[in-house]
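Enquirer: Let chain A serve as the given structure and place chains B and C with the ligands on it in line with the hints.
Chains as they are written, first to last, in the numbering used here: chain A, 1 to 81; chain B, 82 to 356; chain C, 357 to 826.
Possibly wrong hints are sitting among the right ones.
[As the list claims (entries may be wrong)] DSSO-like cross-link-like pairs, simulated, lysine-lysine; straight-line CA separation at most 30 Å:
id	chain 1	residue 1	chain 2	residue 2
1	C	LYS522	A	LYS18
2	C	LYS522	C	LYS624
3	B	LYS273	B	LYS258
4	B	LYS292	C	LYS372
5	A	LYS9	C	LYS415
6	C	LYS381	A	LYS18
7	C	LYS628	C	LYS795
8	A	LYS18	C	LYS372
9	C	LYS415	C	LYS522
[Said to hold, decoys possible] Simulated restraints on C-beta separations:
id	chain 1	residue 1	chain 2	residue 2	range
10	B	ARG244	C	LYS372	38 to 44 Å
11	C	GLN667	B	ASP307	49 to 55 Å
12	B	ALA148	C	MET430	25 to 31 Å
In case anyone wonders, no lab produced these hints; they're calculated from the structure. Small disclaimer: the values here were computed from a predicted structure and weren't measured. Glycine residues also receive a C-beta, built at the ideal position from the N, C-alpha and C atoms.
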Amino acid sequence: MTLTLDQLKIGQEAVITKLVCTGITRRRMMDLGILPGTHLQAEFISPLGDPIAYRVREALIALRHEQASQIEMILVEESEV
Amino acid sequence: MTTDIAVDCRTCPAYNAAALKKLGMNVEEADYIIALAGNPNTGKSTVFNALTGLRQHVGNWPGKTVARAEGGLIFNDNQYKLVDLPGTYSLLSTSTDEEIARDFLLFGQPSVTVVVVDATRLERNLNLTLQILEITESVVVALNLIDEAQRHGIEVNERQLSRQLGVPVIPMVARRKQGIPELLQAIEAVAKGDYVTRPHRTRQYDTRLEKALEAMVQTIEQTYPDLPNPRWVALRLLDGDASIEEAIREHRLGDLSRGKSVVPIADTISLEVVS
Amino acid sequence: MNAQTDILQTAKHFQKELGEEYHDKVVEAIYADAARIADNCVSRDAQKAKLNFDTALDKALTHPIGGFLVMGLMFFIVFWLTISGANIPSQILADLLLDKAYYGLHGIATALSAPDWLSGFLIDGVYLATAWVVAVMLPPMAIFFPLFTLLEDFGYLPRVAFNLDKLFARTGAHGKQSLSMMMGFGCNAAGVISTRIIDSPRERLIAIITNNFSICNGRWPTLILIGTIFISSTAPPILASFVAALSVVAIAVLGIVTTLLVSWGLSKTWLKGETSVFSLELPPYRPPQILQTLYTSVIDRTAIVLWRAVQMAAPAGAVIWLISNIYLGDVSIAGYLVNFLNPLGLLLGMNGVILLAYIVAIPANEIVIPTILMLTLTLGSNIVGAQSGVILELENTQVYTVLTQVGGWTLLTAVNLMLFTLLHNPCSTTILTIWNETKNRKWTLIASLLPVALGLIVTFSTATLYRLFM
Ligand SMILES: Nc1nc2c(ncn2[C@@H]2O[C@H](COP(=O)(O)OP(=O)(O)OP(=O)(O)O)[C@@H](O)[C@H]2O)c(=O)[nH]1
Ligand SMILES: [Mg+2]
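The following block holds chain A by itself, in its conformation from the complex (with noise of 0.2 Å):
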């Protein structure tokens, strides 16, 4: 089974695998530096559950659960890192 974005919980980490979304969207998460092979951590949520902040290539951007939902990944284990 594939995992999305929106499944990694806080404090782990994970790479990016494929984006599912198109267009617009997909263009806007590439300018974000969220792309195939990129690593990420999930670092806290908002107090009402949604979005997410991750840090990705040293920022923090904080992704919508709808728009995790639409980005696939790997975990990374802990003792890879």
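Expert: Same frame as chain A, now just chains B and C with the ligands:
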């Protein structure tokens, strides 16, 4: 004029009152046009203010500047017009909030583009810098927020960076006006051609793509032999960039090579209304 | 076939051949280069990197309970400092400008034997209105702006946007609307311009129309004054400034709630559509430069806003003086207007004076309170002995007496005035900005009138409820 040997950079030759005169908004005919570009929130407006003596709003969040601002200065008898642009993540997308900056960099024909870069997030800032280097070779990189980088234990080797990018790299703390004199000198050197840049160009796209690009560049050069950046135009045309297609259709692209500023640059973003 | 179409067609041809992945490949190549160069040039001190103060702070500021607590506290403290800090300088300024300078000017006028109508018009009209605006506005602004700028410079505002985002998502608005809303708390015109960060036209319009529900500079003083004079009188003296601050925060929060409700309403009706992609970069915390901030926010924001207010106040003062001193028969023009507006005013839990003041103050909200006071004094029985059209210097307690005894104000009048301050048309500058940004008559009109309509409905409801139950 006093000539005492002071460490304070305000009294060093590059910064003394004779060399630099802040003109505020009084720019009529400038010898050089300088664009300030960069990712959001990297200190572009802070640099702009330090150079022009104006007070553009600065604030610690991305998207503080939404319209182009202009100001001027005289440095070593040359008049410069400075243009502070809104922050952009990339020149490759088509989002309207990044339109002003994108159009100015491509069609505004600045003599020198200063890319203000956040030293604490070099990689993501280089993404935009490399794109700008595809468009123009007259670039100076202002490596800003050095103080923040130090606070976070990050050190950037600016010589190495300059070598790799092929353009001057000036470390700065814009908020404390550190590096401003050096930046001015670098701008002057690039503008007058005293510093010959060798801009880094990204060239390892896959072969099919590279072939298509070359073919496009050839087609473009047949019509526009003097275009400074045919490769970028090709790159964008292959991506279906509407603003460039339009520029070609309206015969505005040719002006680029003649060094004219081509755009009726939008200061307000047109709002197409739904419903 | 000309060269231009040739180029475009070649491009089309290759586009088909290269397909969708083209863009991805270009971006990936550039990022790969960027990563490689960055790797070559950056070295990190592993120990310092571990000291992650920023992350800890972020965890606290976005904590499920703590996050909202801090948010409330932060804004409360800002207003409380503003209210309690502005009190004494306000009194000093009032003493100086409205007492000493005022009588000084009259002294000069008498010495020059200027005609009464001239000195009345210039000193009691133009000068006094201007002086009033300065005395009322300057101290709170000089405290509020630096505090707010400090929060902004530190990097706190995007965290507020992050905390509230889900609410905005629910209403079908753009995530960055919370940022333009925050800007609106300074000035709505600036807030409207800042909506340019919103990419989608539909969501941008929602943000523009609702920006007026962020209380701006022009309206803070009115709220602060009414909160200080009326609402605080419901509490024991020690708590007075707390209660005053609370009432102001309550109105501000109500503004946010209104923003959400109206956004929701718009995106369900006139501005239906998909919510677009949301991404927000949270900037790193940067220690603010306190002195620099103080300097620029006083020079830039305070001086500019004050100057604008003064420019508006001077002609308004002239108008006020004229309409109160030109008589048609026994009653002044102001008297007629107030009598005409009174029934509607009372229905809304306010009175004709307040409505007239709002009409006079369309160019600048800042002068509402001075106008109300002056009109009340002129038209009421003259218990403090003012001449008609003269705005007197008054202590807070005296203002209270005037308004309750001469104006017949109750707690309802005060509350509804505060509500109406939140819910009425944007100032002329903002309306102009909305027009410039949208270039659309319909939306400019809606953005201007919708808040007034809401204001009428809300104040009418509270007035009716009050009458039914109190
Ligand atoms: N510590 C530190 N802070 C800086 C420096 N330069 C700028 N800043 C701060 O960084 C923040 C952003 O600065 P701006 O000049 O508004 O950035 P900008 O690039 O114009 O931002 P946008 O207009 O949003 O793209 C402000 O809070 C500045 O005070 C610096 O050298 N050191
Ligand atoms: Mg800026």
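Enquirer: Now tell me, hint by hint, if it's right for this structure.
Expert: How the hints compare with the structure:
1. C:LYS522 to A:LYS18: OK: LYS522 of chain C and LYS18 of chain A at ~26 Å, within 30 Å.
2. C:LYS522 to C:LYS624: 17 Å, holds
3. B:LYS273 to B:LYS258: 24 Å, holds
4. B:LYS292 to C:LYS372: Status holds; Cα separation ~14 Å.
5. A:LYS9 to C:LYS415: Holds. LYS9 of chain A to LYS415 of chain C sits at ~14 Å (cutoff 30 Å).
6. C:LYS381 to A:LYS18: 13 Å, holds
7. C:LYS628 to C:LYS795: 20 Å, holds
8. A:LYS18 to C:LYS372: Holds, at about 22 Å.
9. C:LYS415 to C:LYS522: 17 Å, holds
10. B:ARG244 to C:LYS372: 38 to 44 Å: 40 Å, holds
11. C:GLN667 to B:ASP307: 49 to 55 Å: 52 Å, holds
12. B:ALA148 to C:MET430: 25 to 31 Å: For ALA148 of chain B and MET430 of chain C the Cβ distance comes to about 29 Å; the hint holds.
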